[in-house]
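Work out the full structure: start from the sequences and follow the hints.
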Amino acid sequence: VCTSRFWFNYRHVANTLSVYRSVKRLGIPDSHIVLMLADDMACNPRNPKPATVFSHKNMELNVYGDDVEVDYRSYEVTVENFLRVLTGRIPPSTPRSKRLLSDDRSNILIYMTGHGGNGFLKFQDSEEITNVELADAFEQMWQKRRYNELLFIIDTCQGASMYERFYSPNIMALASSQVGEDSLSHQPDLGIGVHLMDRYTFYVLEFLEEIHPASQTNMNDLFQVCPKSLCVSTPGHRTDLFQRDPQNVLITDFFGSVRKVEITAETLSLDRDVPGLDSKFPEEELATEPLKYAEQLPVAQIIHQKPKQKDWHPPGGFILGLWALIIMVFFKTYGIKHMKHVF
Amino acid sequence: MAAPLVLVVLAAVTVRAALYRSSLAAFIAERVEVASPLNAWKRVVEGLALLDLGVSPYSGAIFHETPLIIYLFHFLIEYAELVFMITDVLTAVALYLAIQDFNKVVFKKQKLLIELDKYAPDVAELIQTPMEMHYIPLKVALFYLLNPYTVMSCVAKSTCAINNSVIAFFILATIKGSAFLSAVFLALATYQSLYPLTLFAPALLYLLQRQFIPIKLKSKSFWLYTMQYASLYLCSLVVIICLSFFLLNSWDFIPSVYGFILSVPDLTPNIGLFWYFFAEMFEHFSLFFVCVFQINVFFYTIPLAIKLKEHPVFFLFVQLAIISIFKSYPTVGDVALYMAFLPVWSHLYRFLRNIFILSCVLIFCSFLFPVLWHLWIYAGSANSNFYYAITLTFNIGQILLISDYFYAFLRREFYLTHGLHLTRQDGTEAMLVLK
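Going down the list, the protein sequences come from chains G and W.
Just so you know, the numbering used here puts 250 at position 250 of the first sequence, and the rest follows in order with no gaps.
Just so you know, the numbering used here puts 424 at position 81 of the second sequence, and the rest follows in order with no gaps.
It should be emphasised that the hints constitute simulated quantities derived from the structure, not laboratory data.
Among the clues, some could well be false.
Restricting the straight-line Cα-Cα distance to at most 25 Å, the calculated cross-link-like pairs of lysine to aspartate or glutamate (DMTMM-like) are [as the list claims (entries may be wrong)]: (1) G:Lys122 / G:Asp66; (2) W:Lys452 / W:Asp465; (3) G:Lys332 / W:Asp465; (4) W:Lys385 / G:Asp311; (5) W:Lys451 / W:Glu626; (6) G:Lys260 / G:Glu209.
No experiment lies behind these values; they were computed from the predicted model shown.
Shown next as structure tokens:
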């Protein structure tokens, strides 16, 4: 989620797109990603290199690419929409790409970036989400069994305040700076004219570029990313709510789509006559004719249900009255003597 | 005189038929100056289509025509072009016959006044002669049929043509002297668009004059005749409205037609003055200003009746013009109707003061209407103020035209009774001023 708009917040969009790119590269498809960008940098009129978002100066890495799928864009990125996505309380008309269709076996990665403060994150320059709201949203998710394990990363000023209030199990959180510290941006690009990335996410991206789907790197390595010497701010993390030891949690558990595949060498026979299971379907039923698709819908009945259009005709009384009046006026004006000529 | 009239009619019909077949027809039909929400052809078709679908045409805010129009076009919709051409021809023929009769009346009156020595001795050049008046009816028919406004109105198939035709028949019936027919046609005209109600006064004055009933408030015969005429008019109006009820078995048409005309909810720009005011106005003033604007149309009747009681046909002309300028949804078809009368007052030409400027204003404004519309709506480089300015200018031009004719008419009447060379008490030449 990128929560800032305006051109000078280019770096927040670049941050989000970098994480998006890594996550896609490691195998998670767009159908499993909800990408929220509060502003359009790639096609911004101030972008001297249109259709690109660079993460590194000298334009080494274009994180925009050519298959970015933004789910919530521009003014759709609001606190309300974000919380609705998390908790699943979404109007029925919302398309699937805008929903978080997770269940109790899903591992969720949430990455947020923008401008924040002690206990809040600013959305769109007009509203804020507080750490209390976020914690409550995660509790709702837990109670609705919407996640198995959740990794929350935030790159804002005083980011650690955002994970202070979490109280639901199985949540691990990382932040780019402690309370009272500012997260700083990495480098400006003189060609584009803005700062391209924030330091923390820059080093996270560098770290993630080394990861491939089979790597065994664990969370402890992620905690070491961006020490104070490089980042100026002190990144923080929180693991007390997490059941497993971070040492045993693979990066690809959250950032990648690695399936657990078990290869077996023995054959299994799927037997029809499983003992103990009565045949509930008598033979006669199975021998009936299979329904053809066309007959399942009574199309013929539906088509002929529209009433035939009847043309409207003026009522007879009206026509009679009108012409009687006209004839009366005619004869009143021209005298009754014309009557015998008419008839 | 029939042959030139037939020629004129043929020429007019050819022009209209040619325009119908050309690509301009679609363009003209959607011009806001020609088609207003009250009389656009598109809405008539829409209303009839709704009726075929089993829905009352008055249920939305689309259709604002009277049930008699529904009845007329239900059977004639395929021949719509023919209907409108025939309507225009009928209007022109009615105006022709009316003005022919009116000329005879003018002569008789003039002769009477000369014999009664009511005229000053040196006004020989102001007296109208049969020679110069011979071609006036033809000119009237020509002015109506070949007026670009009428042609555009006909090509756009705006039902304003039907309204004009009913008013023309009303004028013919009044001038012929038949109170009954005149009341019936006036009722039809009022039934269709509310404003011809104000034509009741000039028609009444003309009929009284024709019956030689003096217009004095104490006179019993005056009140008797007025009551007769008024009751004829009101009865026919009531009968027509009740008959329309039976077309659709509902009174829906009353708020849709009369409520619409009076309360002006649709603020589509047209050549009138209402739309801009009400677009800019705050809600809580709009009722007040609607009342003010509507009263403005009816307001001039009584003063004009007092001033012009000897000249009811001129009064009719001025009243028609006031209706076309101040009505809630004017179109150029309404303007064309009163402009058709201008040849009747061609003897006033020497007294008109601003005729050149006014004709230039009217012509330029007519050309600028589509230009500024295009600039506003399509090019986006102008805004509604530009179009409103042209509307204002056009209406000011019309008002000045009418007041110029009014002044010229009164001046001529004054000269006729007081002589052409007016002198003040000290012998210097005097100038007539309209106060």
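Here is what the structure says about each hint:
1. G:Lys122 / G:Asp66: violated, 29 Å
2. W:Lys452 / W:Asp465: Holds. Lys452 of chain W to Asp465 of chain W sits at ~19 Å (cutoff 25 Å).
3. G:Lys332 / W:Asp465: violated, 47 Å
4. W:Lys385 / G:Asp311: holds, 19 Å
5. W:Lys451 / W:Glu626: Status violated; Cα separation ~55 Å.
6. G:Lys260 / G:Glu209: Distance of about 22 Å is within 25 Å: holds.
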